[in-house]
Amino acid sequence: MALACAAAPAIADAQSLTVRAAGDMLQVRGTGLRLIEGVVAEHLKDGRSVRVDFEMTILDKAPQGAAITRNRQSFILSFDLWEQRYAVTRAGATPRSISHLAARDAEAWCLENLSLPLAALGRFARDLPFWVRVEYRVQDEPPPAADTDSPFTLRTLIEALSRRRADEALARTFEAGPFRIGN
Amino acid sequence: MRTLFLILLCLLVSPAPARAQDTEPPDGTRVESAEISGISGNELSPGLRHDIDGLAGRPLARPEVTQLARRIEEEQPDVVVAVRIVARPADEARVIFLVARISDDAGLGSNINARYTVESVEIEGLKEHEISAALRDRLQALVGTRLDPAAADQLVEDLKAERPGYDVTRRIERGTRRGQIRVVFKFSETEALRWIPFAKSRSKFVYHSDEGWSGLHDIPIGRRDHRVTVGFAVDDNDTLVEEYSGVRLRFETRDIGTERVAASLEASWLNNTWRAPTLAALEANPLVPDPYRQRITVEPSLTVALTRHVRASGGVSLSSLESLHQSPDEQMASAVTASLAYSQRWDRDKHTQQTAEAGYEVRTSADGLGSDLEYTRHLGRARYEFTNRHNTIIAEAFGGGITGQAPLFERFTLGDSATLRGWNKFELAPIGGNRVFHQSLEYRFHGAALFLDTGSVWDDGASHKLRASTGFGFHTEHVFLTVAFPLNAPGTDAAFMMGVRF
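Respectively, the protein sequence lines represent chains U and P.
Numbering of the first sequence is given in this note's numbering, commencing with residue 1 and proceeding in unit increments.
Numbering of the second sequence is given in this note's numbering, commencing with residue 1001 and proceeding in unit increments.
Derived by calculation from the structure, the hints in this document are not laboratory data.
Computed from a prediction, not measured in an experiment: that's the story for all the values here.
It is possible that some hints are incorrect.
Unchecked claim - Distance condition first, Cα-Cα at most 27 Å in a straight line; then the derived DSSO-like pairs of lysine-lysine:
#, chain 1, residue 1, chain 2, residue 2
1, P, 1465, U, 45
2, U, 45, P, 1200
3, P, 1127, P, 1186
4, U, 45, P, 1186
Unchecked claim - Here are some, though not all, of the chain U residues that point toward chain P, as calculated from beta-carbon distances under 10 Å:
#, residue
5, 51
6, 70
7, 73
8, 76
9, 78
10, 81
11, 82
12, 85
13, 86
14, 95
15, 97
16, 98
17, 101
18, 103
19, 113
20, 174
Just so it is clear, CB atoms sit at the ideal spot from N, CA and C, and this is done for glycine as well.
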């Protein structure tokens, strides 16, 4: 965190994603992830946890550019019933946790922890523009609203047809660019 | 070491400072000292350190101690804090803030509520004695311990295994005291477990390349025991000889003192139109009753579940038919109805299921119902479905017969989106028949379907020929896209059908 604050930010902004160099790392910030809402928020407020897989990909162009480098990271979200605040744990070999966060801050913390070494960007870290794609996918699919007698109506049919796969229902992708890291 | 420390402190210490314990000194006791354990005091802001140090020498106030614990957590978001208040000689108290990092404890990492003690375990949707003693003991063993999300999830799975037919979910709620939680296991009875299911939805939107569009939409409103279904029909020619549009209203209840008895009342107002081949065939066959422009039907019925899998129903069907050619002349077509239905499902494992259904229905006009048409209609059907992962085999057959003069809506037809697919019913038998036999075999793999239909519909005494058709398509439970070919027809024109049934 201290590193990120100390670094002179070379910022480019596009849509809801922002990137910046924080020391020797590339960090992403963004708004409008809309991860902690709807069924995910209900699931968390029932005291259960939700695992979310994030992937950040650096592209040489958009929308179908080649991937320069990528980083995958899983996070576990839970909601402190007594503090009424969210907690996030970055999973992996070196877990890191934070609690007492508002929903939007918890989402932002996930993004900040997706950082990539600038060296992995190669020449794109110096003077070439690049694009960033951030995807997330909720792995612990929250159960549907508990109404087992709910009949199969036209609405549920439309929902069923418009849904791709159940495990894709809670996934989103964001793409932004071009960004350029200044010297 | 940190994990060991956390486990130890959580075993020894209540995580909530406000939790009353007999061994803890009461509020107002003079605080001898206040200490921080687990992190260095230097990691806290000077102001917070000052306030913690300031507890010493003052009367103990638990809300103040709780507030300081929260301030530590807010300054250090990667830690959780438990407070230990220890009685000291001379009526004094020692306050210890026990701090542990979340990352060092797998339980906290997976769910922050794992820091809290389970105050109670509750069961919703099922009486406690309906759960085995062993599982009840395991549920109660959670009380007084820190929440273990993995153990609680395992209990959900074990409860599901013990009570098939129920969905089990768990949630956590705040307890009555700060730092304590209630774990609630909720059982929801699935429809499969009910003695008597509600009537199946007839909703469908179908396109048949030879017969055009048909639409039926049922909108059920209601919950577990009572339901009202409003149904709309738009040019439905896929079900009967007639093409009809109109409205249905159906009320069902399955709470008449016992779950094993259900009652229903259906009323429908339908306007009928007729295809030219049907009208021509009717003119040529004066023994078949006249067509009608409007059909109003009322059908009350009562169903009794003899077993979980066998149900018997009885009722009456009263229909008023307004003549097409001599309006407003009307005919009554009234019948007593009785049926026996069997359905059963076997889940061999998560991926393999079998479903068997069979039924027999008789509808017969009876003295006293004022029917202008005297007839008896019998229909028997059976269906078997086997699913293993992405493979499905469906075998279906039905046969029926009518004696007397049955109204056109009772006559049998074949050649639509579900029977003798590939044949056009308005060419095959435009006024249907009073005898029918049909069987179908279908194989599906990932939705790709192959099928073979055979059957015949004819009038008693007339010659009849067995027809067959085959085809392929994309079929799922609710969606179908089919190309079908009549096999023993003069031409080989394929029929295309698509639609949804839901």
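Here is how each hint holds up against the structure:
For the suggested pair residue 1465/P and residue 45/U, the alpha carbons sit about 65 Å apart, so the restraint of at most 27 Å is broken. Between the alpha carbons of residue 45/U and residue 1200/P the distance comes to roughly 36 Å, so the proposed pair goes past 27 Å and is violated. At most 27 Å may separate the alpha-carbon atoms for a hinted pair to count; residue 1127/P and residue 1186/P meet this at roughly 11 Å. Of the supplied pair hints, the one linking residue 45/U and residue 1186/P holds, its CA atoms being roughly 16 Å apart against a limit of 27 Å.
A hinted interface residue such as residue 51/U counts as satisfied when its beta carbon comes closer than 10 Å to some beta carbon of chain P; here the least separation is about 9 Å, so the hint holds. Interface restraint check for residue 70/U: the shortest CB-CB distance to chain P comes to about 24 Å, outside 10 Å, so the restraint is violated. The beta carbon of residue 73/U is not positioned within 10 Å of any beta carbon in chain P (closest approach about 14 Å), and the interface hint is therefore violated. For residue 76/U, the suggested interface contact is upheld, since its CB lies about 6 Å from the closest CB of chain P, less than 10 Å.
Hint on residue 78/U holds. Least Cβ distance to chain P is approximately 4 Å, under the 10 Å limit. About 5 Å separates the beta-carbon of residue 81/U from the nearest beta-carbon of chain P, less than 10 Å, and the hint is met. Interface hint status for residue 82/U: upheld, as the beta-carbon distance to the closest one in chain P is roughly 6 Å, under 10 Å. For residue 85/U, the interface hint holds, the least distance from its beta-carbon to any beta-carbon of chain P being 9 Å, beneath 10 Å.
Satisfaction of the interface hint for residue 86/U is found here, the shortest Cβ-Cβ separation to chain P being roughly 8 Å, below the 10 Å cut-off. Proximity of residue 95/U to chain P holds as hinted, the smallest CB-CB distance being about 5 Å (cut-off 10 Å). Residue-level restraint check for residue 97/U holds (minimum Cβ-Cβ distance to chain P is 4 Å; threshold 10 Å). Checking residue 98/U against chain P: minimum C-beta separation of about 4 Å stays under 10 Å; hint holds.
Taking 10 Å as the C-beta cut-off, the interface hint given for residue 101/U holds, the closest approach to chain P being about 7 Å. The restraint placing residue 103/U at the interface with chain P is violated, with a minimum CB-CB distance near 14 Å, outside the 10 Å limit. For residue 113/U, the interface hint is violated, since its Cβ never comes within 10 Å of a Cβ in chain P; the closest pair sits about 12 Å apart. Given the 10 Å rule on beta carbons, the hint for residue 174/U is violated: about 25 Å separates it from the nearest Cβ of chain P.
Of the numbered hints stated above, those contradicted by the structure are hints 1, 2, 6, 7, 18, 19 and 20, listed in ascending order.
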